Amino acid sequence: MTTDRIISRLEDGVGYLTFNNPDRHNAMSLEMWRDGEIAIREFCDADVRVIVLTGAGEKAFVAGADISKFGDERASKAASEEYAAAVKDFQDTLTHAPMPTIAKIGGYAIGGGLAIALCCDIRIASDDSRFAVPAAKLGLGYAASGIERLMQIVGPSFAMEIFYTARQFDAGEALTMGLINRVLPRAELDSYCDDYVGRIAGNAPLTIRAVKTAVQENLKAPADRDVALCAEQVAACFASQDFIEGRTAFMEKRKPAFTGK
82 MTTDRIISRL EDGVGYLTFN NPDRHNAMSL EMWRDGEIAI REFCDADVRV
132 IVLTGAGEKA FVAGADISKF GDERASKAAS EEYAAAVKDF QDTLTHAPMP
182 TIAKIGGYAI GGGLAIALCC DIRIASDDSR FAVPAAKLGL GYAASGIERL
232 MQIVGPSFAM EIFYTARQFD AGEALTMGLI NRVLPRAELD SYCDDYVGRI
282 AGNAPLTIRA VKTAVQENLK APADRDVALC AEQVAACFAS QDFIEGRTAF
332 MEKRKPAFTG K
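Residue numbers (the numbering used here): 82 to 342.
FYI, nobody ran anything at the bench for these hints, they're computed from the structure. One should not assume that every hint holds.
[Said to hold, decoys possible] Subject to a maximum C-alpha distance of 25 Å in a straight line, what follows is the list of computed DSS-like cross-link-like pairs (lysine-lysine):
id	residue 1	residue 2
1	Lys169	Lys158
2	Lys218	Lys140
3	Lys158	Lys218
4	Lys301	Lys169
5	Lys293	Lys169
6	Lys342	Lys301
7	Lys293	Lys342
8	Lys218	Lys169
[As the list claims (entries may be wrong)] What follows is a set of in silico ranges between Cβ atoms, one per label pair, in the way DEER data are often shown:
id	residue 1	residue 2	range
9	Glu242	Gly341	20 to 28 Å
10	Thr84	Ala160	15 to 23 Å
11	Ala127	Asn284	30 to 38 Å
These numbers come from a predicted model, not from an experiment. Virtual Cβ for every residue (Gly too), placed ideally from N, Cα, C.
Using the sequences and the accompanying hints, generate a full structural model.
Given below as structure tokens:
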């Protein structure tokens with residue numbers, strides 16, 4: 082799925098999705114939410130080991146929703162509900178992607194842009210990146226599911242601070258909060274992420290999938306956890322060709338060639 086505003090490509094087992102609206106700091110329109118969700122689903126259906134999301138240009142990852150489109154896209158209750166459904170579909174598909182997902186953030190990650198990053202497993206940012214959720218400055222209501230994601234990552238107190246103040250903060254603060262995993266000088270962001278993603282893509286896909294499932298299940302209430310699924314995926318690792326390959330490569334002191342089987 083590649084359009085004017087959503088660019089996707091597959092390279093060496095990595096799916097890259099670029100939000101391509103640089104004139105508006107990659108702000109999201111209804112069409113971008115829909116096309117982005119399709120692109121992620123296509124990655125999930127393909128032989129993809131890692132998904133990387135990034136923004137076009139040098140100024141932004143995603144600077145929220147494209148407010149200039151609200152007159153058309155949120156002009157009525159029905160239109161607003163349609164928009165909200167598209168956002169939810171995108172976020173749910175990204176959150177539940179079975180492979181690792183990484184947000185490569187260069188510049189602004191504001192509002193809906195930060196929400197996209199929060200749906201990813203890992204967030205890596207340039208040192209000139211800026212973050213905010215300005216809902217309280219716009220009078221917007223914010224979905225409980227989005228607040229829950231932020232709470233899970235930074236805790237209740239920082240989550241409330243981010244929403245209450247609605248202020249922008251830099252990558253250093255974001256790192257201190259635990260909002261992002263790594264901060265790099267802008268000039269090093271691409272090369273660092275390429276190496277980082279390559280390391281993950283070279284590891285055993287079944288092991289990584291089992292770990293991601295276990296993390297997601299453990300975030301649920303104990304009564305809601307699919308313990309059987311977790312056990313099934315662990316057993317699949319031990320029954321896999323990759324387990325044999327990993328042991329053999331270790332004994333032969335070479336890099337394993339995992340196939341995901």
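Check: Can the restraint linking Lys342 and Lys301 be considered satisfied, given a maximum Cα separation of 25 Å?
Finding: Violated - the C-alpha atoms of Lys301 and Lys342 are around 28 Å apart, more than 25 Å.
Item checked: Holds or violated: Lys293 to Lys169, with C-alpha atoms at most 25 Å apart -> holds, 21 Å
Check: Would you say the C-beta atoms of Ala127 and Asn284 sit inside 30 to 38 Å of each other?
Finding: violated, 18 Å
Checklist line | Beta-carbon spacing of Thr84 to Ala160 - inside the hinted bounds 15 to 23 Å or not | finding: Holds, at about 21 Å.
Checklist line | Range hint 20 to 28 Å (beta carbons of Glu242 and Gly341) holds or violated | finding: Given about 41 Å between the Cβ atoms, the range is violated.
Notebook entry, point to check: Hey, Lys293 versus Lys342, does the alpha-carbon distance stay inside 25 Å?
Noted result: Given that 25 Å is the threshold and the Cα spacing comes to 17 Å, the pair holds.
Next item on the list: With a cut-off of 25 Å on the C-alpha distance, tell me whether Lys301 and Lys169 pass.
Entry: Status holds; Cα separation ~19 Å.
Margin query: For a C-alpha distance cap of 25 Å, please report whether Lys218 and Lys140 respect it.
Written below: holds, 22 Å
Margin query: What's the verdict on Lys218 and Lys169, does the C-alpha distance respect the 25 Å limit or exceed it?
Written below: Status holds; Cα separation ~22 Å.
Next item on the list: Starting from Lys169, check that the Cα of Lys158 is at most 25 Å away, please.
Entry: Holds - the C-alpha atoms of Lys158 and Lys169 are around 16 Å apart, at most 25 Å.
Note to self: Hinted pair, alpha-carbon criterion (25 Å max): Lys158, Lys218. Please report holds or violated.
What the structure shows: holds, 22 Å
Hints 6, 9, 11 from the earlier list are contradicted by this structure; the remaining hints agree with it.
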